[in-house]
Amino acid sequence: MWVPGVGLLSRLMLSALTRAGRFCILKSGAVRLMDVPAGNRRGLSDYYPHLMPSVGFGKSSSRVYRCRSETKRYITSPRVAETLVRILRGKRKSCQLFLECNPGPGILTRALLESGAKVVALESDETFIPHLKSLGKKVNGRLEVVYCDFFKLDPRSRGILTPPVMTSDMLFQYLGIEAQPWSKGAPLKAIGILPPKNERSALWKLLHDLYSCTSIYKYGRLENLFITEKECRKIMANPQNPGLYQALSVLCQIACGIKLLHTESCLSFGTYTANGQLAKQKHRESLEQNLCFIQLTPHRNLFTGTLTPFNYDVFFHMLRQCFMKRNAKLIDHLHSLSPIDAMHILKQIKKNKDVKVIDMYPEDFQHLFETIECSKDDNYKWLYDDFMEDVII
Amino acid sequence: MSAVRWGRGAAGFGRALWPAGSPGLLAEEGALGGVWSRKRSSTASPCEQDRRKDWGHAELLEVLKARVRQLQAEGVAEVTVKRVAVARAPEAGGAQPPRQAQAGAKGAAATLSSRWAQKLDSDQQLMEKRKQRLEGKLQKRVEKGAWQKQLRLEPRLLSRKLASQLQHWEQGAPRSPWEEQLAQLLQEAPHRLSSEAAAAPADRGPESRLEGQRQRLLSFFECCLLTGHLPLAHHVLVTHHSKSQQQRLLTLSMYNMVMLGWARQGSFKELTYVFFMLKDAGLAPDLQSYAAALQCMGRLDQDAGTIRRCLKQMAQDGLQLQGLFTAVPLSAEERAELLRAVRKAKPTFTPPRPPVPPPQVNTSPLLREIYAKDPAVSYPRLHLSLKELQGLFQQQLRVEMATTITVESVEKVPLLTKEVLHARKTLAGLRTRWRTALYRELQETKESEAHAAREGRLSLFPYLCLLSEKEIVRVLLQTLQALPAQGESLLFLAHELGLRVFKRKQLRNEVQELEQRYSKYLHLLASDTQVAEPCLPRQHWEALGVPEAPHEQPWPMSVVVQLGKQLAEVLVRAAQMPSSLAAPRSPGTLIPVLYHVYSFRSFRQIGILKPHPAFTQLLETAAERTLTFESTDVPMLCPPLPWTSPHSGAFLLSPTKMMRSVEGSQQHQLLLERCPPAELHGALDALTQLGNCAWRVNGRVLDLVLELFTDKGCPRLGVPAPPSEAPRPPEGRQAPKRCLLPEVSPAEKAEMRRELARRLKVAREMQSLRADALYRLSLAQHLRHRVFWLPHNMDFRGRTYPCSPHFNHLGSDLARALLEFAQGRPLGPHGLNWLKIHLVNLTGLKKRESLQARRDYADELMEDILDSADRPMTGRKWWMEADEPWQALACCMEVARAVRAPDPTAYVSHFPVHQDGSCNGLQHYAALGRDSVGAASVNLLPSDLPQDVYSEVAAQVEVFRRQDAEQGVQVAQVLEGFISRKVVKQTVMTVVYGVTRYGGRLQIEKRLREIHDFPQVRGAETPGPAGRCPVAGGHWAAGGPDTGSCLCPPWGPPAGPMGASPPPQSARGHWPRAIRRSRGNLGPAHALPSPSPQDFVWEASHYLVRQVFNSLQEMFSGTRSIQRWLTESARLISHTGSAVEWVTPLGIPIIQPYHRDSKVMIKGGLQSLTFSSSVDTSQKPNTLKQKNGFPPNFIHSLDSSHMMLTALHCYRKGLTFVSVHDCFWTHAADVAVMNQVCREQFVRLHSQPILHNLSRFLIERFCSDPRTSKSIWVSRLTDTLLSVPKTGTFNLEQVKHSTYFFS
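Residue numbers (our numbering), protein chains in the order written: chain B, 1 to 393; chain A, 1 to 1303.
FYI, nobody ran anything at the bench for these hints, they're computed from the structure. Even for Gly, the Cβ is constructed at its ideal location relative to N, Cα and C. Some hints could be false.
Below, simulated DSS-like cross-link-like pairs (lysine-lysine); rule was C-alpha separation at most 25 Å, straight line [what the hints assert, rightly or not]: (1) A:Lys470 with A:Lys425; (2) A:Lys1163 with B:Lys329; (3) A:Lys243 with A:Lys1163; (4) B:Lys133 with B:Lys152; (5) B:Lys325 with A:Lys1159; (6) B:Lys376 with B:Lys347; (7) B:Lys356 with A:Lys1163; (8) B:Lys118 with B:Lys138; (9) B:Lys356 with B:Lys325; (10) A:Lys1163 with B:Lys325; (11) B:Lys347 with B:Lys329; (12) B:Lys234 with B:Lys197; (13) A:Lys1006 with B:Lys152; (14) B:Lys376 with B:Lys351; (15) A:Lys1006 with A:Lys761.
Covered by chain A, according to a simulated footprint, are these stretches of chain B (three or more residues, beta-carbon under 8 Å) [claimed, not checked]: (16) 202 to 215; (17) 310 to 320.
The whole structure should be built from the sequences, with the hints applied where relevant.
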């Protein structure tokens, strides 16, 4: 049909077919139930290409918890644990609160408790829970063990949440932690090892939460201390090491102060399979790798400028788009980001027209974003539409 | 062209055909020749080597000469001639270099010279390119004729002998002494190639890729022929032929196609060239090749000798002369020419009669009665006279010739303010500008594509020429108009555009012939005419003329998308608007209207074409009130053409497929074509019959709906609200003012964002629903005072659907209520009763009462009914409470009219009354398995009250629950009192169609959530009582509860974006069990939390779905065993590497289109497009889908068979009958007859040994191949198939007396 401004019908036709990708099941499926007969199309037009089904990061996480086969990495060496505690705690004796994600055998937990800190252990593997609880026996309630997967907090789909997946609201209320304004310090520190298989996804999810001030960041400017592997070098990259420079680097550097605290060989860590068995280290290269212990402290003034949780998604989109073709010129990307004249924008941010994406420093991107967002003349600043992400696909 | 020249051509042609020896010796000689040549190439004698060297020198010399000439060359055309000269060079030297030596490049000289030749070639190409660039600069538009001159005509043959032969022929030289050798070679070539083909490893991967390229080539040639670019096709053929890599792609049908093109034009020389190439490629000409050749000779009036030689050769190739007239599709004119040629050689020849359809009789025992001549039947006729119908035909013809139809929108007329008028004027101005720009862009694109074609590439040029530029421009402008504000994925758009072109090109053009035939056909249907013998519409139509020419093959998917993408790019480049529309203060430069933006799904990027927001805004302001539909998307204005074959029927001019399938699958079309035509008669006639039902719009209901629609809508009644009712974001996508203030905390800003997103989402969903309703209502309004028809086709399982998507009887309650039969029928003695029963059925209130009780109930409520009919919107509104309110209202009105008629039995009713199968899928399973218990619960057994399978399952689940509760299962205890029919209904219904436990659990979960007093559910998360939408009371809702309208779609509040969970209210007490479990040593400050609702509902639904499955297992043991048998068979068939196939009891062949995904990529341009297709038959079947799909698809094929049988028998009895799958419609007066037919046919259908037939068919199809019989899968499959599930003791005849079987 030819009618202005109608988005759905064509999509309904898509959804009427058996394999129309994910969107129609999740998004317009309900709409279809309502009114439009499925498969009700004339003969020749029954051929629709379907988009490739996608595997999501955080965003499209499923209703069911189905990561039983994940492997996790745990701190198994008391020496490492002690080193970390020394770095973390310094000389302090105060009762600082730590959120430890997937402590596993609890080596670090014990070290932290011994240093006098308060620990909430979020363990996603039920097999460790009895052991962890036994650690808390003698520490006068300074240890709380919750069956919860930190990296799967607040899944996108609002279906049924079964433990260990839960919402941060549940968790924090349960822990009795009040939300703190952004400008205040961090109420607690989250510490843990990113799941080795999908570090990037976990980081993206964290950044989304951070920029949108949701999930754990609703409760304040949480400090994260993560031990990551290869991603560490990436998130610290800039145009000087273009090979590693990517959207994540920009987002991380804009949002947080990044500090590398400690580096440790992979050998000092144990990898466990789903059922709590100690797995053998398989690849030689993973033996040679180091784990970096970094500190991500969200900037206090992150949201004081133009970039706010209200429009962060545009910023995200801009970066993802730009880094899809990192070696292309910025101006080419601008054409599909904003209807505003690209030359004009470039002039305003004082870049020449041949500037490439990988030549832009994180601050440049922020500047670019602010320039477009604040442009006075134009009624329409962005081509981006959050609806796009949801439905088109 | 002179006759002399033709004479020479014919001689050459004859020589090319000339054989040596008798056909019986062919093979032997070929083999001998092969040995000989191989020997010669391997152990070449010194003398021969010398010769080869000489030849090498000669060639080198020639090459150098050619290069000199080339450097001097002026015109491009001359260059091509030189290239041919090079090819000819060695022959001129009189040597015969063996083909192998050249191909293998063994001789040093040969390699050297070939390198030279390469260099020459590349230089030529370079020069050509340079030249063309220059030309392009000099004149933008090269005239068509100019480049056609450059096209290559003469082939470069790989076989030297053939080449020299060709050359001799060209030069008109007398026959050379080694002509016989040539003949030998001619025979040798095909043989050698075929042995090569056999030896080639069955490497599937590249082979399938080749197949794809071949399809593209074929459709390219076809398209060239269609658009009159035959020289171009020839050129591409020659180019491909001359490169051995590309020659592999050429198939016989391609040569034939180009030959046919030349034959039609009567160009003998070119035809002969192709014939040479064909021989050169080692292919054996077939009937079509000879038909083309002879046709051409006929046209040119060749002498008899040549023709005789040709015929002789044909006979030697083992082809029958008769075959030319029977097996080759020809138009009448072509036929005449062909005959003329043949008669020259054989004056007495008479062609066989055009294939008179032999007395084709459908063999299915189920259909014997339908096609029985005795007892004489009188089929129903329409209520319209011949004249009226002819008038309607003319109207429909006009609509289809225009290809689109413009319908006035039923949206409220906007106030024609200055703003609106200005916007409309701006739009009109823009459109004029775009039209010009589009013409220009299109021409440029065509030019560059033509250029690519000239270089021998498969370009889109012929496709772009299919439609006139004007038409393409129109299509593009409409696309731009229809582009949604949020954009459309480029892939989708490209596909749509490509298909649109394809469909338009297909339009038939023999309008006059059609008109005459149709007019005669109408004698069968009109009210005031007679036909000699009553027969079915299809039979009548077939009697009126010969079968039509075969349909065209659809284009490969990649071509469709590529073409569409090209067009989309044209649109992107051409559509521009002044920047002042977007930013008032900007200088008046032009900015694009369309932007190519990206969206991200995970880490994958998806290209989207998005209009500039200002343009969307402009369209909105202009509020134009016309909607444009494709002519095939609206109902027909005259009775559809009867279905006579899998691809002819329904619309007058636009071909429609009888069977639609998933995503461009071809396999089912092939199956249908291979199937003997008579086997399809059942399906063809049933579809024709369904489409022949005349409809009209129920005007009173439409008025009421429109009233609501133009006002504020009423989502509860299925009338979507207008956008003005939607929650508006404060300032568009721009941030609300507060967002810019630094003192607002980030968390608040995040909340604002969520709120905005939520509003946008609701608004957009509403807009989509609104648009859908707008189409339907506008079409209804458009058709208000007319009679119309809904042509039908079917899906790959045989289920039938109307072809027009927006307005048909398959839709929602509202859509159904808008339609009634155009033909009326007096109610008769029982009609009124059926109306009343139907009304009560529509309310959904008395499901478990007898028919008598339902009727009595209607009598009790007569006052309410009359009130609803008289004052629907102001009265007591009884109808609004019904399950299907609009249909109930329509029925109320009909009852009121009937009751008030002086004689209700004589009241002429147009109202369709429905009879629904009760859980039709289970009915078929129960009948298949003769399962007494199951049969009783789905009303196959006569009973006083309707049985309700859902209640029974619920009861069974309750039994299990009680047992569990007694044993202390917590979940079972909590569920006490919550297990109802409603909770289990959907799951039971869908189990038949293969719902899994996972899906079933989700369904039950949804139901549990709807029970608002389900224990321990947090208030905030529970949706309110049914029908009330929780958002309605919210802060952005307009429309109070009194109007009954709320803003949310009826399925509940929209889910928020990521992380947008509503913050928990004060509740501090609900905690996941796991937390509780691990709470251990919490301080006393924390209260012990109780389970969260989610947790609980999850557990309960999990428990319930298990019990539902167990109960079904208990009650329908036969069903489960059949399901398992089907699943297992499908799994094994899939493992043997085939897709599951079967034949329905009516004879329709069915194949499941589920294969593993194959990816197709189209590069270049705006963006590379990648899509995956699951219907690629060269891929292995997708086992999971094949196996999960088989049971439901098989049952669907049975229910469709039942429906078709009922339809055909009803037609024979003179009834009006339509169906929505397992819901049968007819006039109130005829319900009793339809019910009887429906039961009888069900019994007839299941009296067939359906499962045994299936088993026999599958064994024959999949297990009889001796080559695979050793495979473990096949032997397992045979075992499985042989063990057909045992049946129970149910006596099928009892169905005939079951009142509630369909009710």
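Hints, one by one, checked against the model:
no. : hint                    : in the structure
1   : A:Lys470 with A:Lys425  : holds (22 Å)
2   : A:Lys1163 with B:Lys329 : holds (20 Å)
3   : A:Lys243 with A:Lys1163 : holds (24 Å)
4   : B:Lys133 with B:Lys152  : holds (22 Å)
5   : B:Lys325 with A:Lys1159 : holds (22 Å)
6   : B:Lys376 with B:Lys347  : holds (15 Å)
7   : B:Lys356 with A:Lys1163 : holds (23 Å)
8   : B:Lys118 with B:Lys138  : holds (13 Å)
9   : B:Lys356 with B:Lys325  : holds (10 Å)
10  : A:Lys1163 with B:Lys325 : holds (16 Å)
11  : B:Lys347 with B:Lys329  : holds (15 Å)
12  : B:Lys234 with B:Lys197  : holds (16 Å)
13  : A:Lys1006 with B:Lys152 : holds (24 Å)
14  : B:Lys376 with B:Lys351  : holds (20 Å)
15  : A:Lys1006 with A:Lys761 : holds (22 Å)
16  : 202 to 215              : holds (count 6)
17  : 310 to 320              : holds (count 5)
Violated hints are absent here; each numbered hint is respected by the structure.
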